[in-house]
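> Based on these hints, arrange chain B on the given structure of chain A.
There are 2 protein chains.
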Amino acid sequence: MGKDLIKVGMLGMGTVGSGVVELLKRNSDQIKEKTETAFALTKILVRDPSRPRNIELAQEIFTTNPDDIIEDPSISIIIELIGGIEPARDYIRRALQSGKYVITANKDLMAAHGEELLSTARENKRNIFYEGSVGGGIPIIRPLRHSLVADQVKRIVGIVNGTTNYILTRMAQDNLNFEDALCQAQKLGFAEADPSSDIEGRDAAYKLIIMSGLAFGFYIDPGQVYIEGIGKVTREDIDYAREIGYVIKLVAIGEQLPDGLALRVHPTLVSHEHPLASVSNEFNAIFVEGDAVGEVMFYGRGAGSLPTASAVLADMAEALRCIRRQAVNGVIEGAKKQASLIPIDKLKSCFYLRFLADDRPGVFAALANVFGDEQVSLDMVIQKRRVNNTAEIVLVTHMVVEEAFNRALEKVISLPAIRPNPSKFRLLG
Amino acid sequence: MGKDLIKVGMLGMGTVGSGVVELLKRNSDQIKEKTETAFALTKILVRDPSRPRNIELAQEIFTTNPDDIIEDPSISIIIELIGGIEPARDYIRRALQSGKYVITANKDLMAAHGEELLSTARENKRNIFYEGSVGGGIPIIRPLRHSLVADQVKRIVGIVNGTTNYILTRMAQDNLNFEDALCQAQKLGFAEADPSSDIEGRDAAYKLIIMSGLAFGFYIDPGQVYIEGIGKVTREDIDYAREIGYVIKLVAIGEQLPDGLALRVHPTLVSHEHPLASVSNEFNAIFVEGDAVGEVMFYGRGAGSLPTASAVLADMAEALRCIRRQAVNGVIEGAKKQASLIPIDKLKSCFYLRFLADDRPGVFAALANVFGDEQVSLDMVIQKRRVNNTAEIVLVTHMVVEEAFNRALEKVISLPAIRPNPSKFRLLG
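Protein sequences appear in the order of chains A and B. If you use my numbering, the first sequence closes out at 432, no skipped numbers anywhere. If you use my numbering, the second sequence closes out at 432, no skipped numbers anywhere.
Next up, chain A with everything else stripped away, as it sits in the complex:
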C-alpha cells in the first residue's frame, strides 16, 4: 500500500491549533508510519496572517477567507478550532456539505448543536469527530463509541473541568480560600480571565451532554441539565468533608434511571475510597459504569495545547480510515432522539448540610422532628465548634428525594434557633 497524501485545512490557530501544528511536525514520521499517509496542513484560517507566531509556517498557508478552505476540493479534512457557536457552526455545516470530514474540539457547539451537525454529516455521508471536546487528550469519546458497544451504560461520573478541580485541590491542600485559589489558577494558566463558564459548571455540563449522547443514545437540551458551580464551596465544608472521609469535587453525573435520564453538575462529596477522590489539580477523570464491563475510569490532563492536539490528530487518523476505505457510509453514530431529563427535585441523594444554630436546649429535638416529619433520616450528626452562643452543626442524611429534603430544609431554616444560609451539598451515591 502506497503512502497517500491527505490535505488538511484548519480553522483557527489558537492554543490547540498551535499544538496541532507542532505535533504534526514533531511526530510526522510516526504518524506517516502508523497511518501510511502523509498529512499536509495546506491552509489555516486566521484573523491576522501577519501576527507573529511561535511556529514557523510559510506565510501562504494563512488565509482570512474561510472559503479558501471550505471550498477547496483538494482538502479532505477540516479541523475546526475557532470555538464558540457562530461562525463555527456555519463553517462545519458547509464543510460537511462540500464532502469534507470534520474534526472539532468545540464542546459548546457539540453540546448545543451536535445532533444537528451529525445529521448534516449523515445526509452528506461524512462524519464529525470530536475526541478533543471532552477531557483534552484522554481517550473517552472513542471508547464510548467503540469499546462499550455491547454495554448498557448505567452511569457516567466525571471530573471534567480542570480549572475547578485545580481550585478545589488548592483549597483542600493549601488551605486557601476560593478567591486566592482562583487567582493562583489564573496565574498558572489553569483558569481564564473570565472563568465563569468553568466556575459555574457550564463547561462541565457541555462535556457531560456530549458523553451522555454517546453513552445513552439521546441528545440533550443543555437548558434541562441541572448546574451548580463551586462558588459556594468553603474551606469549612472542605474540612468537615475530610473529617468524615470525603473530598469535595465538581462532579458531572449522567445516569440512566428506571424513569429516564438524569444529568447534573454540582459540587459533590466523594468518598476517599472512590477512585475519583484522588484526581487532583488540573487532572480530569471520567468514571463509567456499564452492565458488562463494570467500572472503568479514564484519567489524564483534561486540557492544554498538546494533549488536545493529540486527540485532534487521533481523530484525523480516524477520518483517514473513513476516507481510505472509501466508505460510502462513513457514519458511525445513528440519529438520536431528544431526551427528556428527570428534574433534580425528583432525584435521590444523600445530603451534607452545615449551618449555625443558637446553642440552647431543644434545638436538636426541633431538628429531629422536622427531619422526621419529612421522612429524612440522618446518617451522621456532628456538632463541634461553639463560638459565643452559636453551635455549628453538620449533618449527613441517608438517601432521600431532593424535594423532600428541600421541604425539610425550609422548615429547618424557619426554626428560630437556626441561622440562614446553610451549606448544602450532595454526596456521590
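Careful, some of the hints might be misleading.
Since the list gives no way to pick one copy over another, a pair counts as held whenever it fits inside one copy or between any two copies.
In silico DSSO-like links for lysine-lysine, alpha-carbon gap of 27 Å or less [unchecked claim]:
1. Lys128 x Lys37
2. Lys414 x Lys427
3. Lys339 x Lys414
4. Lys351 x Lys35
5. Lys351 x Lys157
6. Lys28 x Lys340
7. Lys339 x Lys28
8. Lys190 x Lys427
9. Lys35 x Lys190
10. Lys190 x Lys349
11. Lys340 x Lys351
12. Lys35 x Lys128
13. Lys37 x Lys10
14. Lys235 x Lys128
15. Lys351 x Lys414
16. Lys414 x Lys37
17. Lys340 x Lys128
18. Lys349 x Lys339
19. Lys190 x Lys235
20. Lys235 x Lys387
Treat the hints as calculated values from the structure; they're not laboratory data. On a predicted model such as this, the values are computed, not experimentally measured, just so you know.
Just chain B now, kept in the frame of chain A:
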C-alpha cells in the same frame, strides 16, 4: 442502510465464552442498533457438547470438530477463547487463511506469537483483534492503537494482574501474610488453583509485551523480559514502605529509553501520590505517558466473564466495520521488528533495601563506605527495631544503575555484621 446478518463462530466456552453468549443475548437490541447488524453465534467448539451449561443454547450449536467453524464459509468472524498456545495458534492461522476475522483474548498466544499471527492476517488481508487479552474490559488496546497515533509513548506502567494486586492489597490492608492472602484470593475466585503464572509475574509480562508492541512498535521475545514475582514481598516490607509514603504493587513497566526498549515486571514501591497507588483489590490500571498527551490512565476490572466479554464484543463490532467497508486492506498494524531489550542490569532505579545487622559500633560506617565506593548515594536510612543484638536497617537509594547497586549489595552482605537475605525492591521512578 439495511440490517445485515453476520455469522460468528466461537472456539471454547469457558468463563469468557459464557459471558459472550450471555451478553450477546442480554444486549442484543442495543448491539443491533449500534452496529446496524445482527450477530448470530452459529457454532461453538467445545470438548463435551453434552455437558450441562448454565446458558440455554440449542444442542446443534455445539461441535467438537474445529473445521465445522474454520471451514464454514458462511462464518465471517471467529472468537478464539480456548487459551494456551496450541491448538489455538493453529486454529487462528487457519481461520485467517480461510478469510475470517479473528478475535482473541489469549494473552499467552498474542505475547509469544502475536507478530507471526498478525503477519498471517496481513498476508490474507484480514485482522486479529485482541482487546480482551489485556485488562479485561478496560479499553486499552484500542486507545493504544487508535488514540495515541500522534504520540510517542515514552512509558507504560501497569498493574495488570488482578490476582497479585488482590493479594498485595489484603496483605497491606488486613495485615495478612502472603499465604493467607493467596488462600483468600483462591476462595473468592481471584486466584486459580495453580496461581504460579500470576504470582511469578509471567501473566503480567505477557500483557506488557502486548501493550508494548502497540505502544513502541516492536515485537518482543518474552524470554528477554525481566520478571520477578511477589513471593518475596513480606508484611514487614509493606509496613516500612507505608511508613515512607509508598505502597508495594506488582508493576509492569515498558520504557522507550535513549538506548532502546526496556521491559520488566517486578514488585515496586509506588508513591502514595501516584494514581496507581490507589488501585486496589482485583482492579487493574494502566498508566501511559505520551509526549503530547502527557499522562493518561485506564482503570477497571482486569478480568472476569462479563468485563472480558464486553471487550470481545467491542472487537466484534470493530471486525464488522472492516467487513462492512469491504476493506480490501483491513490491516491496522504494520509489520514490526523484533526489539532487543536493555537488560535490567543496565537500568537505573532507586532501591529499597531491608536487612538485619549486628547492633554494634562501626556497622553504619562500614555500610556508608561500601555504598560510597560504588557511588550509590542514600536518600533515606531508617533503623528502628532492635531485637536482642540485632538491628533492622531500611534504606532507600537515589537513582543508580542496577549493576552498581548489586555490586554494593554483594559487598554489604559480605560484611561480617550483616545477616544474609536482605529484601530488595525497586521504586517507581
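> For a quick check of understanding: which of the numbered hints are violated here, in increasing order?
Failing hints, ascending: 3, 4, 8, 9, 10, 14, 16.
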